[in-house]
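**Q** Listed below are the residues making up each chain.
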Amino acid sequence: MVNRPACLPARETDTQPGRLGFPMFVQQLINGLTTGSAYALIALGYTMIYGILGLINFAQGELYMCGAFVAVLLLATGQVGLVGAFLAGMLAAALLGVALERVAFRPLRGSHPLVPLLSAIGASIFLQSLALLLFGPSDRPFPVQLEFRTVEVAGLPVSSLQGLILLTALGFMALLLVFVRYTRYGKAIIACALDRDTARLMGINVDRMVALTFLVGSALSGAAGILMAMYYNATYPRMGLLPGLKAFSAAILGGVGNIPGAIVGGLLLGVAESLGAAYLSSGYKDAVAFVILILVLLLRPQGILRGKGH
Amino acid sequence: MLTLKSVQAGYGRLVVLKGVSLHVRAGEVVTLIGGNGAGKSTLLKAVCGLVPVRRGAVEFAGEDLTRLPAERIVSLGLALVPEGRRVFSSLSVAANLELGAFHRRDRQQVRRDLEELMGRFPILRERASQPAGTLSGGEQQILAIARALMSRPRLLMLDEPSMGLAPKMLAQVYDILAELKRSGTTLLLVEQNARAALKLADRGYVLETGRIILQGTAAELQEDPEVQRAYLGKGYREVWE
Amino acid sequence: MTAYILHLAILVGIHIILAVSLNLIIGYAGQVSLGHAAFYGIGAYVSALLALHLAAPFLLCLAAAGLVAGVCGLGLGLPTLRLKEDYLAIVTLGFGVIVDIILLNLGITGGPDGLVGIPAPVILGLSFRPQPRFLALTALLTLLVLALAAALVRSYHGRALRAIRDHEVTAQVLGINTPAYKVAVFTLAAALAGLAGSLYAHYITFINPESFGLHTSILVLSMVILGGMGSLMGSVVGAFLLTVLPELFRQFKDYQDLAYGALLVTLLIFRPQGLLGGGKLSLKFLRQGG
Ligand SMILES: Nc1ncnc2c1ncn2[C@@H]1O[C@H](COP(=O)(O)OP(=O)(O)OP(=O)(O)O)[C@@H](O)[C@H]1O
Ligand SMILES: [Mg+2]
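Residue numbers (my numbering), protein chains in the order written: chain F, 1 to 310; chain A, 311 to 551; chain C, 552 to 841.
For the record, the hints were derived by calculation from the structure and aren't laboratory data. For glycine and all other residues, C-beta sits at the position ideal for the given N, C-alpha and C. Watch out, some of these pointers could steer you wrong.
[Stated by the list, open to error] Derived CB-CB ranges, DEER-like:
no.: 1; chain 1: F; residue 1: Pro107; chain 2: C; residue 2: Val795; range: 27 to 33 Å
no.: 2; chain 1: F; residue 1: Leu299; chain 2: A; residue 2: Pro432; range: 44 to 50 Å
no.: 3; chain 1: F; residue 1: Gln302; chain 2: A; residue 2: Pro477; range: 34 to 40 Å
no.: 4; chain 1: C; residue 1: Asp805; chain 2: A; residue 2: Tyr321; range: 46 to 52 Å
no.: 5; chain 1: A; residue 1: Pro477; chain 2: C; residue 2: Gly626; range: 57 to 63 Å
no.: 6; chain 1: A; residue 1: Ala367; chain 2: F; residue 2: Leu298; range: 52 to 58 Å
Whenever a hint applies, use it, and build me the whole structure from the sequences.
**A** Structural data, given as structure tokens:
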């Protein structure tokens, strides 16, 4: 079940804080953007689901874990390529998300918003302990040793793994933006989020759009999980807990229901956390997100970007 | 074309429609007038499936709508312009129009319809990429009507299209309705603004506290002393003449 | 064997205090806290530190534990209780994580190892180290907490009834969920959790942050939901069942969390009022449109 916040060391943060001045700062910035891109991907799921249902899907972190496990297990067989495993992991997370909506959310529609939240907590505990039973508590390394080296970008050292993760994550975010802005179904999802009854008058099946939202949001969380499994070289049942909670803070930071906001919020949060750990205290790294969460909710509950829906 | 047979509907324990029967024939313009809270909007929502019908039946073009979910209604050729316009405020004007045709599969024709509507309502083309929420009330009403037309309805229902419009805008909206009438679209027009509605309509019904208390041709209703007193009251200037 | 049963009975008592206090927040203020274990932990650490470093007498430790936890509850509740229910849930969860991290990082709290050698309670020269005596102490406190909660609930009903009588203010008062009322309930609940923490620390004699994390918050929440949100007797039954059942099914320990998760989802879908719920209050709260 849920437990201790685990601060896993990132692969390349082993430099001592404060010593190296500017390059060190840039390195922390890049580390922050890398983890932040994962937060952003998960936050997109939160924000889209909150937008359309008005509910927090507390089990978002478990979809992240699910994506990572499926990809890692497939890769470990040696039969599946990296891209294939990646897509399969996303698909598995997406399907699990849709199933979750059916089981833990849909029967509760119309009840007090706390009830589905609690039910999602139950689902989250269930999935975590299921993973624990199936896969055991220990970390699994990423089966493919990605060859990564440090490349110079504008005179600054950037690890190619981080570059790859960042680019992939940003690519997915761009795809999502295109999906909601320019496709029929994307617009239909927004219509449902804005005005359910009127959307139905247009012939839009709200249930289907909710399922589609879960599908897309969960696939993104799955992708985030796979990327972080590569980055930290570790996959374990509880890996989704903290990123899930932090991504929620990111969604709040960007203004709930605001899609670009979730992206900005996620990246900002990653950077704040990374700089906080480097310059303040690494022991309190995991607290940064929650301090930000509480401050944002108290001072600017609509988020940092002017929140007007999508 | 549309028939309601002693329809009862309401919210929770509240019964709003207490057995309403009415019909609309193909090509007709029928108006339903009534004061605040009479149940006009509830009636339209009951037809569309947004409010469940408890007793009675709704039929449209030979199909039984009584238990059909709202999202299935539009593909039968029935569209509603809801009260208060209800445009999707943060979506662009063009996206609003496209969503009006969400159920249609004939993409090519949808594109042509979109072009045609934008030609007919130049303001929509001008503002095509602007969020619908930034339009004025009257412009939003036009958008809401155009959005409904994008579904190619056989029967168009409008809920108080004149609500909150300045005289000039109101005249423009009613011009659009008159043009739709000329082109043979069947209309069910809900109004508090009885004067404008009766002028356009062929027939009308008067709804009061959930019951039809009066019906007849538009001319008959205009002559009716009760209607004149309650809905065409003195001092109320015909605004779009 | 007797020792083991006494041990379980003491834990049941402590859990009842926790569950009842959380239920006050959920059932009577319509808000949920996912960080209740933080107040429990604050109480435990305050009490233990006072006893270890200042050799403070037990009753003082106990009072201080309740007071500090209550003040923390007030500090958290005052600015946050106006948030929407689900946001508040996450804020309290965040608060729980922050407290957990602080306990892990502070020097004085002993980090991950925690504190050891916490003395057993001594009141007026009488030591409560023997288990039966500690059980009596726990039972007494538990009964006091239950009586207090029952009085509070009765006054809630009373107020609701009065509100219906005075027509004009019905809308406002019916859901007596005025901010001040919520803050007061939240503060009281935090203080009660602090008391439970003090009892736990002096009973177990060693504590570390592990007992006060999200896991515990959710365990207590499960007790409340199982028994019935808004039902005091329900919380007692929930605390009893979720303390004793896991012991009975020890050989299935690995499946325990799996069962919790499944139980939560199933209960909320099929019997959201819990085992003993069905009180008008809890139902009204659950039926409110989403
Ligand atoms: N969603 C709802 N829930 C509960 N009651 C409602 C709801 N919508 C309308 N009502 C009630 O139903 C009755 C009829 O409302 P309805 O909107 O149909 O009236 P109307 O004739 O359209 O009035 P108006 O001209 O003001 O739009 C009113 O008493 C209203 O309070
Ligand atoms: Mg109306």
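**Q** Evaluate each hint against the coordinates.
**A** Hints and how they fare:
1. F/Pro107 with C/Val795: 27 to 33 Å: 30 Å, holds
2. F/Leu299 with A/Pro432: 44 to 50 Å: 45 Å, holds
3. F/Gln302 with A/Pro477: 34 to 40 Å: The hinted range 34 to 40 Å holds for F/Gln302 and A/Pro477, with Cβ atoms some 38 Å apart.
4. C/Asp805 with A/Tyr321: 46 to 52 Å: 50 Å, holds
5. A/Pro477 with C/Gly626: 57 to 63 Å: 58 Å, holds
6. A/Ala367 with F/Leu298: 52 to 58 Å: Check passed, 54 Å falls within 52 to 58 Å.
Hint violations for this structure: none, all hints satisfied.
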